[in-house]
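The sequence shown begins at 1 in UniProt numbering and counts up by one.
None of these hints come from the bench; they were simulated from the model.
Accuracy of the hints is not assured; some may be wrong.
Below, computed lysine-lysine pairings styled on DSS-like, alpha-carbon distance capped at 27 angstroms [unchecked claim]:
no.: 1; residue 1: Lys282; residue 2: Lys236
no.: 2; residue 1: Lys262; residue 2: Lys409
no.: 3; residue 1: Lys252; residue 2: Lys282
no.: 4; residue 1: Lys344; residue 2: Lys363
no.: 5; residue 1: Lys252; residue 2: Lys409
no.: 6; residue 1: Lys84; residue 2: Lys409
no.: 7; residue 1: Lys380; residue 2: Lys419
no.: 8; residue 1: Lys34; residue 2: Lys162
no.: 9; residue 1: Lys371; residue 2: Lys409
no.: 10; residue 1: Lys252; residue 2: Lys262
no.: 11; residue 1: Lys84; residue 2: Lys485
no.: 12; residue 1: Lys34; residue 2: Lys409
no.: 13; residue 1: Lys400; residue 2: Lys380
no.: 14; residue 1: Lys419; residue 2: Lys409
no.: 15; residue 1: Lys162; residue 2: Lys409
no.: 16; residue 1: Lys381; residue 2: Lys363
no.: 17; residue 1: Lys262; residue 2: Lys162
no.: 18; residue 1: Lys381; residue 2: Lys409
no.: 19; residue 1: Lys235; residue 2: Lys252
no.: 20; residue 1: Lys400; residue 2: Lys34
no.: 21; residue 1: Lys400; residue 2: Lys252
no.: 22; residue 1: Lys262; residue 2: Lys34
no.: 23; residue 1: Lys262; residue 2: Lys400
no.: 24; residue 1: Lys236; residue 2: Lys419
no.: 25; residue 1: Lys235; residue 2: Lys282
no.: 26; residue 1: Lys419; residue 2: Lys235
no.: 27; residue 1: Lys348; residue 2: Lys363
no.: 28; residue 1: Lys84; residue 2: Lys380
no.: 29; residue 1: Lys348; residue 2: Lys371
no.: 30; residue 1: Lys381; residue 2: Lys400
no.: 31; residue 1: Lys485; residue 2: Lys381
no.: 32; residue 1: Lys252; residue 2: Lys162
no.: 33; residue 1: Lys419; residue 2: Lys252
Cβ-Cβ distance ranges computed for the label pairs, FRET-style [claimed, not checked]:
no.: 34; residue 1: Pro36; residue 2: Lys252; range: 25 to 33 angstroms
no.: 35; residue 1: Glu300; residue 2: Leu496; range: 26 to 34 angstroms
no.: 36; residue 1: Asn447; residue 2: Pro187; range: 34 to 42 angstroms
no.: 37; residue 1: Glu51; residue 2: Arg260; range: 26 to 34 angstroms
Ideal Cβ placement from N, Cα and C applies to all residues, glycine included.
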Amino acid sequence: MFTRMKSVVANFMGGMMAGSSNVDHFGGSDLPLKYPYTRPEFLGLSPDEIECSADHISRPILILKETKRLPWATGYAEVINAGKSLLNEDQACCEVVVVRRRPNAGGNSTPNMTPTTRRRSSLPNGEGLGLREEAVMPGLTFHYWGLFDGHAGSGAAVVASKLLQHHIVEHLREVLDVLRNPAQLVPIIHGEEPTNHNLTPTTHRGITRTASLRGAAGAPGSPSHPPSTRFFTEKKVHHESLVMGAIENAFKEMDAQIERDKAVFNVSGGCTALCALFLLRKLYVGNAGDSRAIIIRGGEVIPMSTEFTPESERQRLQFLAYMQPHLLGGEFTHLEFPRRVQRKEVGKRMLYRDFTMSGWAYKTIEDDDLKFPLIYGEGKKARVLATIGVTRGLGDHELKVHDSNIYIKPFLSCCPEVKVYPLTQYEHGADDVLVMGTDGLWDVLSNQEVAEAVTCFLANCDPDDQHRYTMAAQDLVMRARGVLKDRGWRIANDRLGSGDDISVYIIPLISPAPTMGLKT
1 MFTRMKSVVA NFMGGMMAGS SNVDHFGGSD LPLKYPYTRP EFLGLSPDEI
51 ECSADHISRP ILILKETKRL PWATGYAEVI NAGKSLLNED QACCEVVVVR
101 RRPNAGGNST PNMTPTTRRR SSLPNGEGLG LREEAVMPGL TFHYWGLFDG
151 HAGSGAAVVA SKLLQHHIVE HLREVLDVLR NPAQLVPIIH GEEPTNHNLT
201 PTTHRGITRT ASLRGAAGAP GSPSHPPSTR FFTEKKVHHE SLVMGAIENA
251 FKEMDAQIER DKAVFNVSGG CTALCALFLL RKLYVGNAGD SRAIIIRGGE
301 VIPMSTEFTP ESERQRLQFL AYMQPHLLGG EFTHLEFPRR VQRKEVGKRM
351 LYRDFTMSGW AYKTIEDDDL KFPLIYGEGK KARVLATIGV TRGLGDHELK
401 VHDSNIYIKP FLSCCPEVKV YPLTQYEHGA DDVLVMGTDG LWDVLSNQEV
451 AEAVTCFLAN CDPDDQHRYT MAAQDLVMRA RGVLKDRGWR IANDRLGSGD
501 DISVYIIPLI SPAPTMGLKT
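Please take these sequences and the hints and turn them into a complete structure.
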């Protein structure tokens with residue numbers, strides 16, 4: 001155990017990050033790839049251009065070609081890391097998707113992915129959307145943006161970028177008829193007509209509590225009085241909750257598919273996942289990992305996601321380890337201490353923290369406390385089981401503690417946090433945007449720094465310039481990457497720039513046409 005813990009400490013002190021592997025075929029798998037490695041499809045890069053983009057010395061910033069446009073006039077930019085991994089392990093996807101009813105029998109149930117030539121190709125005010133052509137297509141349309149930050153290989157990120165939106169479609173399809181009728185109540189039983197169960201004072205006075213409980217004649221549920229009005233509380237479920245549930249279940253299904261695919265394909269590593277959907281006048285942002293999304297509205301920052309790290313999820317992780325100690329393999333302790341406990345401190349009283357605690361207290365040190373802590377390190381160096389620095393995401397089913405048989409996956413959650421923004425309830429200007437970025441951006445720039453940079457850049461652009469959001473994304477990536485100097489990549493005030501992969505969307509929030517979303 002001592003030797004193994006020395007290896008763990010060595011990995012940690014060396015800044016081991018899940019994703020530092022330079023080999024995409026993680027574990028030397030001979031299985032075929034499910035999807036070949038590439039950069040986002042919408043960049044339209046040739047194989048030679050993809051190879052040139054993987055220059056860790058010059059680190060060229062990739063943006064959309066002038067002839068290409070993304071839905072909603074979205075801006076996008078990316079840059080490869082400074083040598084952390086051979087490939088850029090970030091992936092991205094941006095599409096307009098139509099959800100249709102499932103065919104009654106046979107047929108292709110694959111969701112309709114609007115072809116590039118018919119995707120949004122004008123300003124985000126609804127012009128040029130081809131609504132007349134699409135109006136005859138039954139279903140529900142949503143805009144989709146996804147960012148996936150891979151680690152220990154790019155396989156999981158590539159697969160998720162190709163398929164997550166399909167899983168979202170499948171779950172939206174299950175509630176399609178309900179979502180298409182936003183004026184109606186959400187039925188408690190699927191397929192039944194929703195009923196207003198509000199009780200009037202007369203109804204309450206008509207039957208005594210005793211009669212109701214005993215099932216007396218005339219009481220609901222009695223043989224002479226078939227059930228009509230319900231005398232129990234039903235939660236009122238809003239339509240947006242169905243969309244949130246579809247996103248949450250889609251993440252779970254995506255994670256399960258990656259696990260299944262690993263049996264027949266080489267799907268390396270894992271990835272964080274951040275996605276945004278515009279559907280029925282609302283913006284939904286789902287996040288599992290340490291990527292981040294913020295809304296900038298009138299210069300104000302509105303956070304739309306929360307990072308999930310060993311520190312932010314400490315109590316959840318500790319509780320799981322407390323309830324299932326076998327997951328620690330007898331080599332870790334679920335308790336947290338300000339530093340590693342030394343053998344000479346056994347019997348002394350040291351500060352500690354358990355899953356029930358936000359604060360600290362003293363406890364008498366025992367031999368079990370000498371084990372390596374479940375969560376070790378601080379800030380970006382914090383690790384779960386001395387291995388991984390994120391606690392939510394997709395994949396990582398085969399990830400183990402170094403030189404052991406202790407699996408990390410039980411401590412990792414694929415469940416996203418979903419936040420909702422009622423887009424059409426606010427007046428937005430041309431400079432109001434949603435910024436989505438992988439952690440390479442946020443490691444070196446704060447929310448406020450990003451907001452100031454984007455606001456300042458857009459203020460100096462022609463409001464009618466169709467490429468202003470792409471140029472703003474390029475500027476933001478450049479600010480985070482910095483300039484290569486003698487002491488590495490440096491940003492403003494000679495601070496250390498980001499050496500990680502960086503991917504950024506800048507999405508304008510100008511309200512789309514009121515009819516966007518529903519297709520009849």
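Hint-by-hint comparison with the structure:
{"no.": "1", "hint": "Lys282 to Lys236", "result": "holds, 19 angstroms"}
{"no.": "2", "hint": "Lys262 to Lys409", "result": "holds, 14 angstroms"}
{"no.": "3", "hint": "Lys252 to Lys282", "result": "holds, 22 angstroms"}
{"no.": "4", "hint": "Lys344 to Lys363", "result": "holds, 15 angstroms"}
{"no.": "5", "hint": "Lys252 to Lys409", "result": "holds, 14 angstroms"}
{"no.": "6", "hint": "Lys84 to Lys409", "result": "holds, 23 angstroms"}
{"no.": "7", "hint": "Lys380 to Lys419", "result": "holds, 24 angstroms"}
{"no.": "8", "hint": "Lys34 to Lys162", "result": "holds, 10 angstroms"}
{"no.": "9", "hint": "Lys371 to Lys409", "result": "holds, 20 angstroms"}
{"no.": "10", "hint": "Lys252 to Lys262", "result": "holds, 16 angstroms"}
{"no.": "11", "hint": "Lys84 to Lys485", "result": "holds, 18 angstroms"}
{"no.": "12", "hint": "Lys34 to Lys409", "result": "holds, 21 angstroms"}
{"no.": "13", "hint": "Lys400 to Lys380", "result": "holds, 20 angstroms"}
{"no.": "14", "hint": "Lys419 to Lys409", "result": "holds, 25 angstroms"}
{"no.": "15", "hint": "Lys162 to Lys409", "result": "holds, 22 angstroms"}
{"no.": "16", "hint": "Lys381 to Lys363", "result": "holds, 26 angstroms"}
{"no.": "17", "hint": "Lys262 to Lys162", "result": "holds, 16 angstroms"}
{"no.": "18", "hint": "Lys381 to Lys409", "result": "holds, 19 angstroms"}
{"no.": "19", "hint": "Lys235 to Lys252", "result": "holds, 25 angstroms"}
{"no.": "20", "hint": "Lys400 to Lys34", "result": "holds, 23 angstroms"}
{"no.": "21", "hint": "Lys400 to Lys252", "result": "holds, 21 angstroms"}
{"no.": "22", "hint": "Lys262 to Lys34", "result": "holds, 9 angstroms"}
{"no.": "23", "hint": "Lys262 to Lys400", "result": "holds, 16 angstroms"}
{"no.": "24", "hint": "Lys236 to Lys419", "result": "holds, 19 angstroms"}
{"no.": "25", "hint": "Lys235 to Lys282", "result": "holds, 22 angstroms"}
{"no.": "26", "hint": "Lys419 to Lys235", "result": "holds, 20 angstroms"}
{"no.": "27", "hint": "Lys348 to Lys363", "result": "holds, 8 angstroms"}
{"no.": "28", "hint": "Lys84 to Lys380", "result": "holds, 15 angstroms"}
{"no.": "29", "hint": "Lys348 to Lys371", "result": "holds, 16 angstroms"}
{"no.": "30", "hint": "Lys381 to Lys400", "result": "holds, 18 angstroms"}
{"no.": "31", "hint": "Lys485 to Lys381", "result": "holds, 25 angstroms"}
{"no.": "32", "hint": "Lys252 to Lys162", "result": "holds, 15 angstroms"}
{"no.": "33", "hint": "Lys419 to Lys252", "result": "holds, 17 angstroms"}
{"no.": "34", "hint": "Pro36 to Lys252: 25 to 33 angstroms", "result": "holds, 26 angstroms"}
{"no.": "35", "hint": "Glu300 to Leu496: 26 to 34 angstroms", "result": "holds, 29 angstroms"}
{"no.": "36", "hint": "Asn447 to Pro187: 34 to 42 angstroms", "result": "holds, 40 angstroms"}
{"no.": "37", "hint": "Glu51 to Arg260: 26 to 34 angstroms", "result": "holds, 32 angstroms"}
Of the numbered hints given earlier, the model fails none.
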